[in-house]
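Colleague: Sequence:
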Amino acid sequence: MTAAATILAATVVVVVVGLVVLVLLTRSQGGGFQGDGRSKVQPQPSASSAQPSAPPVRATAESAKKVKANEAGLIPVIMYHRILPKRIASIDRTPDQLRKELERLARSDYVPITAAELVAGKIDIPAGTHPVVLTFDDGHPSHFATDRNGMPENDTAVGVIYEVAAKYPNFRPTATFWVNRDPFGLRDRAQQKKAVKWLLDHGFEVANHTYSHLDLHRLSNKGVSEQIVRQERLLKKMGVPSSTTFALPYGSRPRKLSRAHDGKWDGTGYHFDAVFLAGAEPTVSPFAKSFPRYAIPRIQSNGKHGDCRRWCTTYWLEWLGEHPKERYTSDGDPDRVSVPRKLRATLSPGRATSVITY
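So that you can map any letter, position 253 of the sequence shown is 983 in the numbering used here, and since no number is skipped, the others follow by simple counting.
Keep in mind that the hints were calculated from the coordinates and are not lab data.
Even for Gly, the Cβ is constructed at its ideal location relative to N, Cα and C.
Just so you know, not all the hints are guaranteed correct.
As the list claims (entries may be wrong) - Derived DSBU-like pairs (lysine-lysine); straight-line CA-CA distance at most 30 Å: (1) LYS852 <-> LYS967; (2) LYS924 <-> LYS966; (3) LYS795 <-> LYS1072; (4) LYS967 <-> LYS986; (5) LYS966 <-> LYS798; (6) LYS852 <-> LYS798; (7) LYS952 <-> LYS897; (8) LYS852 <-> LYS1072; (9) LYS1019 <-> LYS967; (10) LYS927 <-> LYS966; (11) LYS1034 <-> LYS816; (12) LYS798 <-> LYS816; (13) LYS830 <-> LYS1034; (14) LYS986 <-> LYS927; (15) LYS927 <-> LYS994; (16) LYS897 <-> LYS1055; (17) LYS830 <-> LYS1055; (18) LYS966 <-> LYS830; (19) LYS852 <-> LYS924; (20) LYS994 <-> LYS952; (21) LYS798 <-> LYS830; (22) LYS952 <-> LYS852; (23) LYS967 <-> LYS952; (24) LYS1055 <-> LYS1072; (25) LYS897 <-> LYS798; (26) LYS994 <-> LYS967; (27) LYS830 <-> LYS927; (28) LYS897 <-> LYS816; (29) LYS994 <-> LYS798.
As the list claims (entries may be wrong) - FRET-style restraints, in silico, Cβ to Cβ: (30) ASP826 <-> THR1083: 39 to 45 Å; (31) GLN921 <-> ARG817: 23 to 29 Å; (32) ALA791 <-> GLY997: 48 to 54 Å; (33) GLY999 <-> LYS795: 45 to 51 Å; (34) ASP877 <-> ASP996: 38 to 44 Å; (35) GLY1033 <-> LYS798: 26 to 32 Å.
Work out the full structure: start from the sequences and follow the hints.
Modeller: In structure tokens form, the structure reads like this:
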């Protein structure tokens, strides 16, 4: 990560510490249309978190060329924190800001996938579209809550995601939630399990963000492993399979870097297939030789002020739109990797086993 990105990550983390405010808006109940005229989708359980947005096709050099497929391109992994009616910290987003950003993504033919799917190379989206990973840190109450009918509350992160999916059918309603010891502000174990089950059943990813959200760089090797194992044990009690992805609190890496993805504490070991940072640019394709598996960058959701003139979503989504040849564009075939011929050498032979060039 660049020096500027490091500075941004450090700035971001300071404002996150100790912010524990939830403001709930009055919400309507049920499906159909909300009181303000916004459509609300009826969530349905997902047979698989990797369920495609459209039936897969068998790509050919001709079909890949037609959609200008580039599966070696850049992918935005967007980082969100609290979703509040009125922002308190610079990294907060309002429901309307989240809604507008997701609608922008949908209009630009982005299709959400989870962090686990990105890392596994399970990018099953329609030809000509682009993957985006929506990630929410800390398991704040504004991310997920259900109403008395068991539906996502309006203006929570999940509620807004489903609202946008109802308006744009190709916008797959999924995201990754990296949570700490009280996910979504719930302390009752039964309520925690119920919330996590709802998300998993509907194709979302819930994964490890440490037990206490401490700065891992300040901890001993043993302390790092303890934080990760305690949370992994808690997630398993909630019904979460072993996490395959891990997001560093504050984007701060432990002094022994490998402790972020492999370690052991109190007789329990852990392994993550990937580790995610806190800023500040798109990641390269998981099929690329240069894919930074244990230091995957994310992009803070924000405008173009201060450091964000160069490092946040408004800038990067504009840049990717202006440089379409640089971003990941799908060939629609999850079993093959299509790239322009000049990019063939950038692919990892171990990851891209069936390649189409044009």
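Colleague: Flag every earlier hint the structure violates by its number, smallest first.
Modeller: Those not satisfied are hints 5, 7, 9, 12, 14, 18, 22, 29.
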